[in-house]
Amino acid sequence: MRNTRDTQLLFDLSKPGRRAARLPACDVPERPPEELLPAGAIAAAAPALPEVTEPQIVRHYVNLSTQNMSVDTHFYPLGSCTMKYNPKRNERAAAMPGFADLHPLQPAETIQGMLHVLYEMQQYLSEISGLAACSLQPAAGAHGEYAALLVAAAYFRDMGQSEQRKRVLVPDNAHGTNPASAVMAGFDTVAVKTLKNGGVDMADFYAKLDDRIAVFMITNPNTVGIFEPAMRELADAVHQRGGLVYLDGANMNAILGVTRPGDFGADMQHYNPHKTFSGPHGGGGPGAGPICVTKRLAPYLPGPVVEKELRGASCEAREDEIAPFSPLSPRNSQLHRYSLTSPPKSIGRVRSFVGNVGVLLRAYCYIRTHGPDGLRAVSENAVLNANYLLSRVKHFLPVPQGDRCMHEFVASGSRLKAERGVAAMDVAKRLLDFGYHAPTVYFPLTVPEAIMVEPTETESKETLDAFAETLFRITGEDPQLLHEAPHTTPISRPDEVQAARQPTLCCPVF
Amino acid sequence: MLKKALSDCGIRIADCGLPIAIAEFGLRIAEYPIPKLLAAIAFRNPHSETRIRNPNSAFRIPHSQIRILPSAFRIPQSLMPYLYNTPDDQREMLRAIGAESIDELFAPIPADLQLKRSLDLPPAMSELELDRHLQMLAGLNDHAAKKVCFLGGGSYDHFVPAVVDAIAGRSEFYTSYTPYQAEASQGNLQVMFEYQSLITRLTGMDVANSSLYDGASAAAEAVLMALHAHPQRRKIVAPASVHPQYRETIATYLANLDAELVTLDCPGGVIDADALAATVDGDTAAVLVQQPNFFGCVEDADRASAIAKTAGALLISVFDPISLGLLKRPGDYGASIAVAEGHTLGTPMSYGGPYLGIMACDQSLVRRMPGRIVGETRDRRGKRCFVLTLQTREQHIRREKATSNVCTNQALFAVRASVYLAQLGPQGLRETASLCLQKSRYLAGRLCENDRFSLAFAAPTFKEFVIRDAANDVDGLLRTALEAGYLAGLPLAPWYPELSDCLLIAVTEKRTKAELDGLVHALSAAPARQEALS
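So the protein lines, in turn, are chains E and C.
Reading the first sequence from the start, the letters are residues 1 to 510 in the numbering used here.
Reading the second sequence from the start, the letters are residues 1001 to 1534 in the numbering used here.
So here's chain E without its partners, still in its complex pose:
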């Protein structure tokens, strides 16, 4: 049960002389720090951290945790974020000392099990995307976008086209990270209009497509939750102009084993394993952002990547000879060895060490738990759940894109706004009172009063029914009650304007 009294700051609990940690006595001969370090480098005092006891810490943070909604406690249909169940077996796996207590610069022969996982992940992600090569380096989806755009830039530089190809085309309903990543990678962005159904406006697309194109970035299924109707044509047109197609893989949960980005024209894509492959979202992170690319872009991938050597021979050459065996069966461990290598024309690294392996390890567990048909079943049920919820909601909240969707849909509260003065935000806030996390609201910007719902496959029909009924009930509630919602949460609506106008970003030191 939530302790509503405990909202003090950690610093309020501090009292001089309290402490939680006791360290072992120094077991080597000690010398005064002043003898060991230059006087000018030593701090006058230790940093002003709070002085608290361990029971205080535990009560403080446990009570704070109860002020969050989370997937483990609430239905969390936050569109675009794929808030699916985070399996406990994955958490246990990532905490195994054999994975968690490895130094990132250990010699390869001491981490063959870890490298096996990462090598396999490269293979799995390539297979799922239908693209030839994979780098696990990027630390998040946006970081993956950025790394892939750097790959594209390096490729065009190599082709002698970097002066000519400066433009990145981005549909106007794309995630904000797309244009931001393109600018960071040194490109100019050009927004392409989209239609009411979420598809690309082909006339506007052709008007903006010319030989200056470097990359066309597309989210497919798109942020409105439909599969881009003109995908083939778009990809062909970009390729004809010598450009590359980038797939924002945020919505991979809809198409696992159904269709593959490489098969529908993408040259590059990132994954969000924290979405698609159930790595938890961690209150905002960590995630990971591995990228896959076609064979001709593979030499430019960020390194290091994991390589499998077969006693001198290349891996493919002898793969058939070992097919009946697990890669790590006793006989086979003699046959090959994993190592880290940098692709020949690599853009370099985009962070330290190999990647967010803890997240990738969880994704590995998820893929191994499901197998090929299980992954397809994930997408089938994600799409089924979303369509079912859409069929229940559309009668009272119009869904401009139509009667069908992929893994998510965007309803519009514009009629509600016009007729009753109730905003999408009011609906979102009121849902909190009924124990549901709010959907994503006001995104994409192309749908007025957007309410973006992604139920995921790990929810039951009963939950979806109850959610739809609650949503219906809310649309009929007293507008004033809705404007003031939520009413039952630890706080009421915060004053965001004041927070931004006079920022207080840390607790002052008294």
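Derived by calculation from the structure, the hints in this document are not laboratory data.
Any given hint could be a false lead.
[To be verified] List time: in silico SDA-like cross-link candidates among lysine to any residue, alpha-carbon distance up to 20 angstroms:
| hint | chain 1 | residue 1 | chain 2 | residue 2 |
| --- | --- | --- | --- | --- |
| 1 | C | K1146 | E | T110 |
| 2 | E | K166 | C | K1146 |
| 3 | C | K1383 | E | N3 |
| 4 | E | K166 | E | Q122 |
| 5 | E | K308 | E | P343 |
| 6 | E | K15 | E | D72 |
| 7 | E | K193 | E | A203 |
| 8 | E | K461 | C | D1089 |
| 9 | C | K1383 | E | P508 |
[What the hints assert, rightly or not] So these bits of chain E aren't anywhere near chain C, every CB distance computed over 10 angstroms:
| hint | residue |
| --- | --- |
| 10 | Q122 |
| 11 | Q161 |
| 12 | F205 |
| 13 | S352 |
Glycine residues also receive a C-beta, built at the ideal position from the N, C-alpha and C atoms.
With chain E's structure known, arrange chain C on it following the hints.
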């Protein structure tokens, strides 16, 4: 159906085994659920073949001969551990939707773009099988409890108190997302506000964000901030004593921008102030200083700061959070931006990620800072509360005009760092830093008792140091030490060819005197190559 599929290939069911399962788990087909066998065999890549093994002979099944089984034979939902929908549920839901089948829901995807086969992935595993598989893989790794870890270079074997795991293991923290709905996220928001406060106290800086990916990318983001703050200046100066992977990351980030990364040699293991002063000029946007630096040496940060300030450039400090128990804070020596790898605050080494990118800066730069920032405000009833703020910097509002493309932070590791810092407190942090200092200096002294070893640099060190092998056989040393149970250090040759006879050795508070003496013994016992000694 299974029998037929297999008999089409001329195989009797009793004869064959499941290749992967046999090799890994020694299971025979008779014990294996039929749906899993289908997954393993029937849906392989049509362009290759699967080998079916029996105890006496091997068969190869060309995939062209294997029929894709109808959807009636897809794995029953009950085998998928996280799905709810029973066949009855599915039928009912499809009726409500007005669709005949699930396949119909995918009709918007043109048929020629749909995958006609199953993904070529290994078959599904039960939790028990997965656990056994992972135990086997984990067992192939020499983790820190199996080999004593003296490796550093940006990742360190510091102690993680149990309370950190207990709090971070609360699923209200790890299964929530970015706190867009402040009313349903006060837990995360208050933790992040407190984290920002802890980081400002730790660093002596004005403000901190609620974290970035890792130390290297935080350094690169700091460089971009500096370039935006000084649009007329295009030069970034980084001494060679800054972590090579951080410099590589910065170089990657700058590759397509109108900016230049200038590396300053550090033959003495620390910044040569005169050389720095000669390099920094009116075109320099920022100077990086790592404290203690990649070689473990303590830099004269005040001096470097003064040189940067004189030229009107920003000082970017790359600091070690643990060292701040003893050393001056970045704010004390005038850093404009301070970044760090924060995994050392309560997150295990985890083979290098995910980690915690710490970033703090001067008040004047706050609106150029990337990433999430949490601020204090009041709710409608006047109660103190916390929200994401200054969001007009961010990509979801500003798109191509954002300060950065960063969307996520490492919130869960901000939780870990906060709990760690609270657990240690000022005294605990000081003692931890002191143990690192005392033990590393003890080890350096003991090693140098042997004529074969000497310190590569004269500058004082904190918890890492570079040792030079007079016999010039770093590989041999590492091999001998590994056999004796020690990950003795990092060879510097890959980054610094001129230091190919050197090892970087790190010592944390976890190392005991017995382990330090053991390493000395192991390295001293290493045979030296003849040609090197002569």
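Outcome of the hint check:
Our distance criterion of 20 angstroms between C-alpha atoms is met by K1146/C and T110/E, whose separation comes to about 10 angstroms. The suggested pairing of K166/E with K1146/C is violated, with an alpha-carbon distance near 52 angstroms, which exceeds 20 angstroms. As the CA atoms of K1383/C and N3/E are separated by approximately 16 angstroms, the hinted pair is consistent with the 20 angstroms bound. For the proposed pair K166/E and Q122/E, the alpha carbon gap of about 30 angstroms is over 20 angstroms, so the pair is violated.
Restraint check: the Cα-Cα separation between K308/E and P343/E comes to about 13 angstroms, which is no more than 20 angstroms; the hinted pair holds. For the hint pairing K15/E with D72/E, the CA-to-CA distance comes to about 35 angstroms; that exceeds 20 angstroms, so the pair is violated. Pair hint K193/E plus A203/E holds up; C-alpha atoms about 9 angstroms apart against a cutoff of 20 angstroms. Straight-line distance between C-alpha atoms of K461/E and D1089/C comes to about 7 angstroms, which keeps the hinted pair within the 20 angstroms bound.
Of the pairs offered as hints, the one joining K1383/C and P508/E holds, with about 18 angstroms between alpha carbons and a cut-off of 20 angstroms not exceeded. Residue-level check passed: Q122/E sits 13 angstroms from the nearest beta carbon of chain C, beyond 10 angstroms. At the 10 angstroms boundary, the C-beta of Q161/E stays outside the reach of chain C, the nearest C-beta of that chain being 13 angstroms off. For F205/E, the condition that its CB be more than 10 angstroms from all CB atoms of chain C holds, with the nearest at approximately 18 angstroms.
For S352/E, the condition that its CB be more than 10 angstroms from all CB atoms of chain C is violated, with the nearest at approximately 4 angstroms.
When each numbered hint is compared with the structure, violations occur for hints 2, 4, 6 and 13.
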